[in-house]
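This is what each chain is made of:
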Amino acid sequence: MEYVNPEGLRLDGRRPMEMRQLRAEIGVVSRADGSASFEMGNTKVIAAVYGPREVQNRSQQMNDQALVRCEYSMANFSTGDRRRKTKGDRRSTEISLVIRQTMEACILTHLMPRSQIDIYVQVLQADGGTRSACINAATLALADAGIPMRDLVTSCSAGYLNSTPLLDLNYLEDSAGGADVTVGILPKLDKVTLLQMDAKLPMDIFENVMQLAVEGCKAVESHIREILLENAQTLVIRQGYGS
Amino acid sequence: MLKNKAFSRQTRQGRIIKEVREHYLRDDIYCGAPYCKNGCKVSSPCLSDSHSTTILVLDTNVVLNQIDLLENQAIDNVVVLSVVLSEVKNKNIAVYNRLRALCSNSLRKFFVFSNENHKDTYVKAMAGESPNDRNDRAIRVAAKWYQDHLGSAVSVLLITNDRENKKKAIEEGISAETVECYVKSLGQPELLDLIVQPPSEDINMDDVQDLRPSKRKVIYNEHKPMSEITSGLLRGLLHQGKLRVNRFNPFEAYVGSESIGDEIIIYGRANMNRAFDGDVVAVELLPPEQWHEEKSLALADEDDEEEDVHLAPNTADDAPRVLNQGQTAPEEMKPSRPTGCVVGIIKRNWHSYCGSLEPMPMPAGDGGRAHALFVSKDRRIPKIRIQTRQLGNLLDKRIIVAVDSWDRLSRYPTGHYVRTIGEIGDRDTETEVVLIENDIDARPFSAQVLACLPPLPWSVSSQDLTNPIRQDLRHLRVCSVDPPGCRDIDDALHCMPLSNGNFEVGVHIADVTNFVHPGTPLDDEASQRGTSVYLVERRIDMLPKPLTEDICSLRSDVERLAFSVIWEMTPDAEIISIRYTKSVIKSCAALSYVEAQARMDDSRLVDLLTSDLRNLNGLAKIMRQRRIDRGALTLASAEVKFQIDTETHDPLDIGMYQIREANQMVEEFMLAANVAVAEKILKHFPVCSLLRRHPSPTKEMLEPLLRTAEAVGLSLDVTSSKALADSLDLAKGDDPYFNKLIRILATRCMTQAVYFCSGDLSPPEYLHYGLASPLYTHFTSPIRRYADVIVHRLLAASLGSYQLPGVFQDRPKLTSISDNLNYRHRNAQMASRASVELHTLIFFRKRPTDTEARIVKIRSNGFIVFVPKYGIEGPVYLTSKGDNGGEWVVDEKQQKIRKLDGSVSYCVLGTVRIHMEVVEPQPNRPKLQLTLV
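For the protein sequence lines, the chains are A and B, in the order given.
Just so it is clear: in the first sequence, position 20 is 20 by full-length UniProt numbering, and no numbers are missing.
Just so it is clear: in the second sequence, position 806 is 806 by full-length UniProt numbering, and no numbers are missing.
If we strip away everything but chain B, and leave its shape as in the complex, we get:
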């Protein structure tokens, strides 16, 4: 075991420090080939068994650029050098993670060879040699070592796209190839689509066809060099931030900048200067006199891509952003917001995108390469130019495309085809698109995860019953109330009258943590997935099916393990005492909301269970009233429910989700349990509890609501949640739906509640605005939410019966877990909405419908309507496209649009009748169109 010292200089805070680090060279790093005769021990053979398979050694640039190709099954038996890994890690962490995933995948033969620590392959930088050259040399040395080590019977091939490197390799007696040559030699033409064409130099220039002189026009400004950006940022001339493209208008983007404490607006693609959504960019502010004029441009562009009909948003996060009053009221001389343009991109956020090719005629010379434009489903992403050899095949398919580069001369970025999902319009394909777009892992659970499950069939063991920390509550009359057809029952209730006139009320939650132990693959997987995802026709579970539907599910008439919160309450719902315990329960009935409601309403029924339900309902009503008095908002959202054909899975009917008293009863007790648990865990673990907060909406967020309310002569008090709740109660219009509509609009102004780690914020910030509760967490659905699993562990530890797992001592880890939960939660919701939108489209495809709609927003050329019955929202145009709406006048103050001659006028919140129909302006691109009747 040799030892060597690596010297390096490091700058920190501008100072130059000499760092000395040890670097140990080893003789126990093996080559990974199972047939090696040089004494290499291999625990698990990582390279192919047969001599005849070529061993591939990859250059760094190959990994960085061609990761999609590497992920294809055709590329195998690869040696990944540690020098390549570390270079890739420094340059692109996303590619690094994908490469790591390949290396750890036991089905692929990717072997990591730690060449930097091997005594024979370590390379010391020579004087005057750049790090890049040194790394290239290290790769060649390692390739050479492999060839010498395994003998001439085995062919080792270095794959590099660097001409210089290839030339030197061949001089040194290593066989080397470019990616393209290698892929061609495999004889699978479809693989060629996966190859990224290098933007310039290297590889044969004559291959790049797109050099037609007409196209060779500089479209975008050059990005500033990194050194200039850094100094610009330091001197405050430039501003750094993440670019967020408006979901509803891809020509408008915002950069949140800390240096000016405000968002900078960027209008138009030219100003965005090739930046993608999510990129970290450097922005230069435009002179203030230009802050206004860009607007006309934005509107002009808008015609290009008009608004679609979509599901009515539920929170401010889903809704289009209304930022500048200027757009609708230019006469108001409000100080407009800073506007800027992108001058450099600090970090790219490129990944692969789902979408389809823009319809185009087949090129004459079929068979060869064709250029096509790819349109992403995500409207924030510009069209992407790709090259393909299978155009005819791809035109009516949903495909995935990755972006490679975007140079100044081309209007669109260049990318390459990754894979096909399926046919456009096919429900399964579109559902998969929804899943991919929202980064939802719908793969079946791995064998390691399934190995963590208890053996089936499972039943409560005598050990569980005798466990002193587990209380036997099987004698209680417990029942569960859930939506019809619910298989993953995670909560149940009981209510027992006590001799002193009080009630014992219990909330029993499935004891998931009894089966999901920290640190197991099962736990890791659940923590990654974060939540179950509910789509219209399927459910993607967070935990494997046996746990979700059987072992944990509190089904009726079987003994199940639970975590219980038990109160003693007076008939006035005053809490006298509370206790928490692990328990064994036996539910006597799994009711649906409808059944529970029917039982309570049916005065003929006097059985014990029904009277329990009535007692619970009585208590819930009092608790609910008390909560509302405290200022909890009764918000409304337009949730819809589909009836799905059991065989074809096509939607048969669509309607609003009806909320019954039984729903509210269960909800009330779940809220109470969550609050009680939040208090308990925070008391025991003030810095590492996982809580949920709902930030108070800011004035700006409530602005659209206030303007709408004002227009219809309603004044809302938004100073506190209590005031808002009261004024919402007073909002009564001429029709019964008016109040609900106002509530829906109010809900839309709120942001979403988020999970957080209690140590990251100060107690006043813990507030849950919507529930008017100072503390809140999620405890009641551990089968479908990982947050609840964490809270279960905290609660168990606070009772002293279990040890707190190590993660809870790791604050940054905990914060990253809660960030992931928020991300997954949001994605799950987006996916559900997208799934509903998809099914709405399928539903209306065969059924053009006339229905009633309410106007929610006035635009210059029409208005946005909300269709209560189907929960969708979309634009209705009064003028045809291209016409600039000359005969219609918008009254900003009263939110009215009226014809010049005064014959017709429409007012916000007014009722209109509309016709809904699916049209296909382009083949294979159906969309829902709303027109006035």
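Same shape as in the complex, but just chain A:
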């Protein structure tokens, strides 16, 4: 299958180094302490953050840091074939864990001992790269909830098909069977907090692909910052401090 044609266009008309269109909104769930929706093309996820609050299960309470919990789920209508998505299957447990670990790495948990932070992410529409979209949505929601963080975590995937590194794979490219590298970084600290790859790649190619994914993360970061800044400005105006 030809994923990049000789004219250098991918199946959906992007060039290899281009991301899908990003869209984000803050405060989409009014009851939550912080919430956001995040779209990468046709992939659409929503994240809600509760906390820091009292630990529900006392046995899990930690005296030196906050407990971070994460729940990932997919809406029944998120994929083409409408099927009941069981909660807690292997895939979603794994993604929950991945998101939790990634977020835990950037939350300043030691500032909030004996408390709990819950992150709920749900995929509303899936079209590849859900993991990255969830992490990006969770970052926004955490920021919205005002939870102290080291830096924004942003994530993006990249793949390697037809001997070309491709940024931000959609579902079609994702299921092509090539390598799929998901990277999460702390852009300001320039640190990697998440790195996953299925399939194999030779070392030198892997480095290129990963570099591309990191570039993608940085692009996501600048978008997220814009959204946050815009949100902060509206908040300022609403509170009457503006102008």
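What the hints contain is simulated information worked out from the structure, not anything from laboratory work.
Certain hints may be false.
Simulated restraints on C-beta separations [said to hold, decoys possible]: (1) Ala74(B) <-> Phe206(A): 42 to 52 Å; (2) Arg91(A) <-> Ser227(B): 36 to 46 Å; (3) Arg337(B) <-> Phe206(A): 50 to 60 Å; (4) Gly88(A) <-> Pro288(B): 56 to 66 Å.
Negatives, chain A to chain B, calculated, CB over 12 Å [unchecked claim]: (5) Asn57; (6) Glu104; (7) Leu235.
Owing to the predicted nature of the structure, the values given are computational and were not obtained by experimental measurement.
Where is the CB? At the ideal position from N, CA and C, for every residue including glycine.
Given the structure of chain A, go ahead and fit chain B onto it with the hints provided.
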């Protein structure tokens, strides 16, 4: 950068799923015209520089039907729209590949315009608009955009054969033409031959002349519509499979069907119902009571095209298929094989064919169009009707013709002339025909490929010498033994007595992978070619000449890079240790087999090299014996050798290729090296090694051998290769050649060995039957075989000195590479055989000869003889054509044919004297005829 969503519904496993895909529209897609003033950047100008050249925009049906015309130089400055590309890709992948090749050819000005992703030319389907209409509209919109974009100074012409489309285009203010009108306006009448005449509707009906009422008779049954075929296949009423026409009888074809697990036989053109060899067809079984009766028909047809004299086949793949005993022994009531007829064609395998026009008188009204029948060289292809304006010119030429259609009313398919190769009978022309027929790329290497070569003159650099992974073996007394005149020496040997009485034996193979790096154009080209092709008078290299004959070739007295396998062996040829290393060697002698043999035989010579050769020979004999004891078959084939006149390139003499001890010595060590390397690479890469296997022959395949042997009172045990080898050894007849003849017949029953990827099969299937080796691969000829190049890379990676290239992680890719290698390998062999056949014909043209021949098969009206001296095989007719052989009786059991009065009889394997002569039953169609003396 706008964004749009394309909605589509897709069915998968019967369910209907709604798929949503993003579709990005861009503003950075350029028009490709170098003179564009609207800010289009063009990296490499793809359209013509001058304003005055018309820009052509093609409709899909034009590309699909007229690809031969497009490939002609006269058509240029073409915009290929992405909507056209994707439509063509869906309809005909072969045409798509040819179109892509045109677009990437820098000499032709074909520019791909991604209209589907351009913000101004994207067209959304309107409600109620069919996809076809939508695409036609997209083409018009794009053509219009070009016209507006480039201004009125440039003429943009839409070429379409669709009336409706043309009409709408003109209404919308786009200039549009049909193909024919456009080609006529070019003023090159010979181009008109290339145009495919549309079968029906569209274009002016009155042009199609072949509507004479006498011809308007339905000859073939209608094909079933696709929906009926699909449901028939589902319910098991129809069977799908690829049609294979018998190479030796074009009126008989087989369809391998998975649904009934057997081959379905199809007799006669009417039952084949317009299917070509290689088509995927739907077959309906005939009622079992009809399974027999078709036979008489097949025999009757056979008279039409009689068998030719050809080169003796070497393997079962080359030999005529003997499928039904029924043909020769109707009284045996064996359950006959299922017979069927084609009811529909699922996928056509049409391409272009090589051949010539059937001789015919010039039509009275010369100058105009004439209809002619084209006869393909490939006997499996039916005659093709073409229209031409240059009949007189083409009659004595070899030409290429492409098939366009085949309707129910015509006995033969309709096609069009593509190009002329040359005069019939001319050696160069016929050689080119051989190459084209076997899909061999004999073009010179491209500039990109040549750019990958190291600078010349090349010599071993100090870097190579100091490289830690490369061992310096220049001190060893290495020599090579090859056929005389061999320029591409890829193997060399050494043998050094050690102080402990053992021998160090080394096989040194040219280190081709040091120069051919994965992913380079050179590597891609080599992988495509797959193998060098050896014809009688020329060689078509897999790698460019500097590599083949100089840099890689292990010539004498120069330092060369090699990949070595080095054993320590006891004098009994027991292997004590083995190591593999890259090395630098300096061969001290490039011997021919004859020279090597002479040195070994000459007892006066006592120099070191000669004693090395003798040691090697001694070891080889032991290894060979051990291999035979394990059950390796000593097979024989009738290879012939030509002596070619150096100036005229005409064959001077022809004779059997003589095999000497020296040949066997080299062969033995090459086998040992191949096996050793196979073991090593499989150990390191169990799923991605390239190996070679030779499947055990099935009982049915050995059947003809057993029947022949039985007739002469010989019993062969075929339960295993060992048993067969032993019983072949025991087969001794009254004359010295008898044993060899039996071996030749045995070899013919085997299939060919094939390459495969170790991950695709389970270890027991890796077996190489002929060599009785559980593992085998090709390592020793990387200059002329690409498989060896791959194996070199695997071996280098297994030594840890090099990284394994990325392809090896891609199993499907690896499988497709090995499939290609098998295909190329087989084609190369077919081409060599065809080349030998051609030269045999040239040789006997001037020299009618009487010679001895052996009968290998009895037929109802004669027998097939094998001529050992020239390695050819052909029919000898006892009765003249048309006579149904009343006075001759065939004894099936004893494989004898005898005259009714008992005066003369011929028995299989018996000796006869025959006369060989080239006759020309039709002008320009010479063939070799064998007659009894």
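Mind listing which of the numbered hints don't hold for this structure, in increasing order? none
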